[in-house]
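Below are the chains, spelled out letter by letter.
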Amino acid sequence: MIHVQDLTRVYHVPHKEPGLRGALRGLFKRRVEEVRAVDRVSFTVEPGACVGFLGPNGAGKTTTLKMLSGLLHPTSGSVSIFGHTPHARKRGFLTTIALVMGQKQQLIWDLPPRDTFDLNRAIYHIDPADYRRTLDDLVALLDLGALLDRPTRNLSLGERMKCELCAALLHRPRVLFLDEPTIGLDVAMQATLREFIRDYNRQTGATILLTTHYMNDVEALCPRVILIDQGTVRYDGALDRLVADTLPDKRVTLRLTAPPPPEALAPFGHLQRLEGDVAVLLVPRQTLQPTIARLLTDLPVADLSVDDPPLEDVMRRVFLRNTPPADPA
Amino acid sequence: MRHPLRIAAALLRVGVAEALVYRAQIIIWMLATTLPLVMLALWTTLAAEGPLQGYSEDTFIAYFLATILVRHLSECWAVWAINEEIRAGSLTLRLLRPLHPLWAYAGQVLGDRPLRLAIILPLVGLAFLLHDGPDLTADPLHWLAFPVAVAGAWLLQFAVHVLIGALAFWTEQSLALWSVWFGLWALLSGYLVPADLLPRWLQHLNAWLPFHAMLGLPVEIALGRIPAHDLLPHLALQAAWCLLLGAAALALWSRGVRRFEAYGA
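Chains A and B, in that order, give the protein sequences.
First residue of the first sequence? That's 85 in the numbering used here, and the numbers climb one at a time after it.
First residue of the second sequence? That's 128 in the numbering used here, and the numbers climb one at a time after it.
No lab work stands behind these hints: they were computed from the structure.
Warning: the hint list may mix true and false statements.
Claimed, not checked - Here are the in silico distance ranges between beta carbons for each label pair:
#	chain 1	residue 1	chain 2	residue 2	range
1	A	Arg282	B	Ala159	46 to 56 Å
2	A	Asp194	B	Pro360	37 to 47 Å
3	A	Lys174	B	Leu256	50 to 60 Å
4	A	Asp397	B	Arg150	47 to 57 Å
5	A	Arg400	B	Trp207	40 to 50 Å
6	B	Arg385	A	Ile267	25 to 35 Å
7	B	Ala159	A	Leu404	53 to 63 Å
8	B	Gln300	A	Pro102	18 to 28 Å
9	B	Ala151	A	His209	28 to 38 Å
10	A	Glu101	B	Arg150	39 to 49 Å
11	A	His209	B	Val148	21 to 31 Å
12	A	Leu241	B	Val148	16 to 26 Å
What the hints assert, rightly or not - From the derived model, a few chain B residues whose C-beta atoms are all more than 12 Å from chain A:
#	residue
13	Leu147
14	Glu184
15	Arg240
16	Trp270
17	Ser301
18	Trp308
19	Phe309
20	Gln330
21	Leu332
22	Trp335
23	Asp357
24	Ala363
25	Leu377
Each residue gets a CB set at the ideal place from its N, CA and C atoms; glycine is no exception.
Build the full structure now, drawing on both the sequences and the hints.
Laid out in structure tokens, this is it:
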């Protein structure tokens, strides 16, 4: 179980003024700014859960993950990961977790991934038989066969990311922190990694905390999300509920046998888009069923589909709502 | 094999493999270590007219050949790796592993030894064979003491590299301090001038400092210039400095890691 209580991290960032004058002034008087990156964050994650940790850039996600993985000492508050205090960085804790960062790599750049894997086998004291079995599994799941013996520098970003995941999972961590694991990858590779993470979570029961800016990752992997902005938690709960609460309308896409006049659609909901014979309507969830029934009887509908508004819209709405109003100048 | 040995073997394997990838760079570094040759030319010219405080031309040749050998055996470059990884934040990845990062740096540095030795041993060996004059010691006691002194010299180098490298946790200028250290080390370790040719007052002071134990001691042992009964006190002083600087390096490192804010990670 992951238990986080009033976790706070304050950075002291030196403030450097531009130009020669600023540099000279900095020699005598150094200004230090206090930045509260994470501010009294609390949450609990049950074993085996896969939780999305979301927020705009600079919201405090990575700082929180760093404190959870023991890389940063909290300024105040506490973290317990399966009974371990992360920043003590005891062997028991480090063998329990893995942190995979989309923008940093543990693979040795000039050597083939297999060398990093072998090194990890020794460092994590992995039994040779277990190592072979886990490696075989991961190689099959991630389709790494051809990559193991090529120098890392010659692999594509997606291939490297698959090998990074493999290196991080060899010791079978119970907790996996994923910091933007799909960043910069093409759509097909994103889907491959997403599928792998979902299967890994189901098969091993590992607890996963994921930060990402790709809403497809969130939809596919995280029934629960924690939203963080300006260092504080803005929402913690089911993804469905967040969507329903933030954008209470469902999106109904209609294809009609003939292009309709906009006024014919107005009684059914808010017309979001009309292009030729395709119309997109926003319909309140509570009246969805009767509205669809009426649509089907009143209009010449050839096709109809219902879905939630894109998660990007939900996030935009949440974070806009949390932004303090601009100064009326 | 027990775990620590298995880890050491794995680290060395990786270090050797990396050194082989960077073989051209390492060979260029080695060829660039020309200072002992320059000093050899300088001192043999000075000694051409007669021995300088017991050092003849031939003694200088033997001294600087042994210096080249010991320099390559005890060479360290961890300060640059440590400095870079702290500043760029990539130390993060080392801190996530259940292995003290200093072991990993040590493995990386020592991994290039086989390549260095494969090049330097034949060259220095051949030079000693061709050189007519004072040679390496034949005394088994000195040969026993030599690897111990080389290991001690390397440990001292590594501790200083960690001490100065770890300053990058606090300042961006740690490499400037490295240049100051290197100047002092070159003068007092026996790299530019044999320690017993330094002014008398500096010799007395230097006898208690760590510099001589970082190069001059193994060189003088290899040449048999240190009497057998003086070996133990010299090695004991070296060990004391290893303990002192090693403890200081570890303490500074752990304070630094607590401060590490992994910018850019």
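So, going through the hints one by one against the coordinates:
| no. | hint | in the structure |
| --- | --- | --- |
| 1 | Arg282(A) to Ala159(B): 46 to 56 Å | 53 Å, holds |
| 2 | Asp194(A) to Pro360(B): 37 to 47 Å | 44 Å, holds |
| 3 | Lys174(A) to Leu256(B): 50 to 60 Å | 54 Å, holds |
| 4 | Asp397(A) to Arg150(B): 47 to 57 Å | 55 Å, holds |
| 5 | Arg400(A) to Trp207(B): 40 to 50 Å | 45 Å, holds |
| 6 | Arg385(B) to Ile267(A): 25 to 35 Å | 29 Å, holds |
| 7 | Ala159(B) to Leu404(A): 53 to 63 Å | 59 Å, holds |
| 8 | Gln300(B) to Pro102(A): 18 to 28 Å | 20 Å, holds |
| 9 | Ala151(B) to His209(A): 28 to 38 Å | 36 Å, holds |
| 10 | Glu101(A) to Arg150(B): 39 to 49 Å | 46 Å, holds |
| 11 | His209(A) to Val148(B): 21 to 31 Å | 27 Å, holds |
| 12 | Leu241(A) to Val148(B): 16 to 26 Å | 21 Å, holds |
| 13 | Leu147 | 10 Å, violated |
| 14 | Glu184 | 44 Å, holds |
| 15 | Arg240 | 18 Å, holds |
| 16 | Trp270 | 33 Å, holds |
| 17 | Ser301 | 16 Å, holds |
| 18 | Trp308 | 23 Å, holds |
| 19 | Phe309 | 25 Å, holds |
| 20 | Gln330 | 40 Å, holds |
| 21 | Leu332 | 34 Å, holds |
| 22 | Trp335 | 36 Å, holds |
| 23 | Asp357 | 41 Å, holds |
| 24 | Ala363 | 34 Å, holds |
| 25 | Leu377 | 15 Å, holds |
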